[in-house]
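Engineer: Listed below are the residues making up each chain.
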Amino acid sequence: MRRRILAFSALVLAGGCDPGDFGAALDRAPVQFIGAPDGFGSNVGRTLLPLAPPADRPKVAARLLFAGTETQSLALADFDGGGKPQVQTATNEDLGALGLSSGQGGISSAAWLGAAGTILLGMPKATATQGQGTPGGRVAFLNLVADAGKVDFESAQIPVNGPATESHFGLAVASGFVTQATADEAIVVSDNGVHVLDVTAGGAVSTTCTGTLQTPPDLYRSLAVADFLPAGNQEIAVGLPVKGGAGQVFILQYGANADPSLPGQLSCVRTFGVPDPVGNPAVGGFGTALVAVPDMNGDGLAELVVGAPPDRAYLLFSPFDGSSTPPSVFTKVKVTTVSGVTKVDTNTSDGASEFGQRLALVDVDGDGIKELAITALQANVGRTQKAGQVLVYKLDGDGRTPIAVVYDSNPTANTEFFGIGLAELEFNSSRACAKGKDGHLLVAGADAGIFTFFRFAGTADPTKAIASDPRCFAQ
Amino acid sequence: MKRLPMLALSTAFCLVTAAGASEQVARAQEQAATDLELQAAKAQFEEAQILYLRELWDDAAAKFLSAYDKKPFASFLFNAAVAFEKARKLDRAVDLFQRYLDKDPQARDAVDVRVRIESLKALLAPPLPAPGRAEKVPAPAAVLPTIATKGLVIIESKPTGATVYLDDRANGPFATTPWQGSLDPKPMKLIFEAQGFKPEEREITPRTDKVVEIYIALSEQHFLGWIEIIANVPGADVFIDRQDIGAMGKTPFTGHLKPGKHTLWVARSGYQTSQEEIIVEPGIATTHTTTLEPVEYAVLKAGGQQSQGAHLMVDGFFACVMPCDQQLKPGEHRIVVQQEGMEAYRGTLVTDRADVTTLDLQFSPKPPRVKAWTYAFLSGLSFGTGIYLGVKGSGIKDQINSDIGNPAKLTNNTDSRKRTGQWYYVGADVALGVGVITGLLALWNFLESGPPSTATVKKINLAGPEPKKVGLIPFGLPDGAGLSAEGRF
Chain A
7 MRRRILAFSA
17 LVLAGGCDPG
27 DFGAALDRAP
37 VQFIGAPDGF
47 GSNVGRTLLP
57 LAPPADRPKV
67 AARLLFAGTE
77 TQSLALADFD
87 GGGKPQVQTA
97 TNEDLGALGL
107 SSGQGGISSA
117 AWLGAAGTIL
127 LGMPKATATQ
137 GQGTPGGRVA
147 FLNLVADAGK
157 VDFESAQIPV
167 NGPATESHFG
177 LAVASGFVTQ
187 ATADEAIVVS
197 DNGVHVLDVT
207 AGGAVSTTCT
217 GTLQTPPDLY
227 RSLAVADFLP
237 AGNQEIAVGL
247 PVKGGAGQVF
257 ILQYGANADP
267 SLPGQLSCVR
277 TFGVPDPVGN
287 PAVGGFGTAL
297 VAVPDMNGDG
307 LAELVVGAPP
317 DRAYLLFSPF
327 DGSSTPPSVF
337 TKVKVTTVSG
347 VTKVDTNTSD
357 GASEFGQRLA
367 LVDVDGDGIK
377 ELAITALQAN
387 VGRTQKAGQV
397 LVYKLDGDGR
407 TPIAVVYDSN
417 PTANTEFFGI
427 GLAELEFNSS
437 RACAKGKDGH
447 LLVAGADAGI
457 FTFFRFAGTA
467 DPTKAIASDP
477 RCFAQ
Chain B
6 MKRLPMLALS
16 TAFCLVTAAG
26 ASEQVARAQE
36 QAATDLELQA
46 AKAQFEEAQI
56 LYLRELWDDA
66 AAKFLSAYDK
76 KPFASFLFNA
86 AVAFEKARKL
96 DRAVDLFQRY
106 LDKDPQARDA
116 VDVRVRIESL
126 KALLAPPLPA
136 PGRAEKVPAP
146 AAVLPTIATK
156 GLVIIESKPT
166 GATVYLDDRA
176 NGPFATTPWQ
186 GSLDPKPMKL
196 IFEAQGFKPE
206 EREITPRTDK
216 VVEIYIALSE
226 QHFLGWIEII
236 ANVPGADVFI
246 DRQDIGAMGK
256 TPFTGHLKPG
266 KHTLWVARSG
276 YQTSQEEIIV
286 EPGIATTHTT
296 TLEPVEYAVL
306 KAGGQQSQGA
316 HLMVDGFFAC
326 VMPCDQQLKP
336 GEHRIVVQQE
346 GMEAYRGTLV
356 TDRADVTTLD
366 LQFSPKPPRV
376 KAWTYAFLSG
386 LSFGTGIYLG
396 VKGSGIKDQI
406 NSDIGNPAKL
416 TNNTDSRKRT
426 GQWYYVGADV
436 ALGVGVITGL
446 LALWNFLESG
456 PPSTATVKKI
466 NLAGPEPKKV
476 GLIPFGLPDG
486 AGLSAEGRF
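Chains as they are written, first to last, in my numbering: chain A, 7 to 481; chain B, 6 to 494.
This is chain A alone, in the form it adopts within the complex (with noise of 0.2 Å):
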């Protein structure tokens, strides 16, 4: 105490006391947290899109572009090398170009083309028509131009409506090579259909599946698309949970026409729920989240990592026909914290946290190998109620020991929805500072806003960070 007041009065003698010390003090906190700009709702961090720091910009680390899924906005966060992030929102003026208008819900969907350039939007509650009672909904395509050191939100094309049968159109959107493997594509989603767009021919809607799906009830659906069959091309998986019924998830192969005139078909090869007697085969959850998993059976084939809320996810293994290597099963169990630390009780399962509504894979350790974060979005923080955590995997663990626990250290209310997205970011602060230390950090969403997680310790010790800092200053 008397080194502290000491230390004060030096202070005071140095010229008083700077609240700002606080605000540079925290900048080097291993979270560091981007709220909701001007205009943005209470469901800020759902969408989220990683993407390539800009070339012309050396200092910029990593660059995260962000949407409201309910409300008209658009952002851009640009973080430097010691990770403190720079947000560009886009005007009404570029939403407006790009297709959104005001009362018409926010963007629910994004996707990185990286053969066109661009960025494809799902903005599935825009309405077409006037007085239409179902918004048809409709994808955009956005370039990012620099301008005079600032972002500016272009868009690249006119938006794509949906077919006039189809409704909420880019309710889930992402790029794959479907079709055919030589350029992205841009995989749309809409509540009854599978769309796929020729992007080169101007987002026109070239391929079609439709069947069953259903609404889901937050405009959120699972998509994953990855060479999941040895078809050739890749395939897509849509997840189907059904509440109060048995989720399924759903891979769809094009298969070309046999008159070359005509389009190409979706078809759904493989629809499965549960396996049995792995899991529960009724869980209504089952397929609220996808994630495709790199060959790890060593078939070629990619994996696909299935949410099943309240409490599993499950990893399936390539070709999802039977005869394939028995799924993994992820189980929450129970996790506490006290005093920031958190401890992991293996033995006690955590049926009621909703573990499972998101899933991604992060290189969390940087060891090269990608770990599988899995949302418990209703999970306890402290004496906070469904804060939210997010639990990292290996995914060649045994599924009930989570290698860390990341959560919101300080929840502003309860069900903050942590972890409604994820996404894994490229920090690449070599292009920010001569000594900067390239890593994958962990971004994780929530109503309240986005967590950049640069730092943290594992569950196992947690005095030893494993998400080792890159930020210029921890060199």
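The set of hints was computed from the structure by calculation and includes no laboratory data.
Just a few of them, taken from the derived set where beta-carbon distance is under 10 Å, the chain A residues facing chain B:
1. Asp-24
2. Arg-34
3. Pro-36
4. Gln-38
5. Val-412
6. Thr-458
7. Lys-470
8. Ile-472
If you're wondering where the values come from, they're calculated on a predicted model, not measured in any experiment. Backbone N, C-alpha and C fix where the C-beta goes; we use that ideal spot for every residue, glycine too.
Put chain B on the given structure of chain A with help from the hints.
Structural biologist: Quick look at chain B alone, frame taken from chain A:
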């Protein structure tokens, strides 16, 4: 031998002074009346002289001896010897001449009397020539010189012991009273002197047939002398012999003073005190002129109401506790007077030698410090609060920094402690700011001064002709924290 004429004997000869003749006569008569033996001797002497003039030598001799019995004056023996010699009773004459010499060996005619004794003895029995003796004894005269009886002069004085000169002091003292003897029957002047008494002179003519009695009552000399002291500066204090009893007066000074040697000081502010030794003669007026030189310094007399106990500072050094007089070197001096609870007086004083400057101060009370203490308390409270809040905030910052370094703590940049700490720091800054402001206000109020203390300054140059009045002009202090006044002289 020719007989002397018989003279009537005077019974008394009284000399009186001009100042108190009747008193001295009365005193002589009183003395005569009281000395019956002398009166009887005088009577026998006068009868003897009458008998002598009648050439009744034996009777005269008997009377002379009778007088001698009354008063054993040597002259009576001489006269009896002369009468016996006239009566040719030479042996008796020799005897009485010898007794005369025995009685008065210092008699002025002692040598003559011895010669006469030898002559008479020769007549009585011419001695046989003897080889050794004839050469030593003078040969008796064949005819004795004429001899006559002698008068008697009795000189007495009051006081006794007076020195008597005959005719001139240059002759040296003749006798000391009381004295009796014979004097040549010729006019002469007796001069009497006694210390402390005024000398007296008397002309007398002694007679061979009378007893002349002279009684002198010497009057005391005049006790005080008369002095006049004049200085070039009127009004200077005159001190004689002692200064601690105060001045005898002021110049010009006149007055009586005991005769003798005295130390005289003449002093006045602004002047160097003169000192000299003077001798005062009794009954003599003397004038002493003194020149006072201006002092080499100036004098500052500092006083005034409420100045009791105030500290006088001259040129930055403590001088004295007021009221007081302070000597100053001629030149410019910076005067500061400080009194408890009062605004200090500050001024500049230019003095010349012999300047006497009176500084009459009017103090102005200092304003109360209640407000200053209140501000000081608030300042201390604010500083304390600021330090407390700052320490709390600093603690939070330390805790945040600690948590940031701990990978187990997922501290984010919007940690709620950020706002708490910021509030602490803002509070600390506000409190410290208030502390600084109130501290400055306290300092201002502590340094705030009331109306300046002033002084009325009067300067008098004692060497100058007229005193000058000097006014004051207030002036501000350089630091602006107080007001004072500067005298302009």
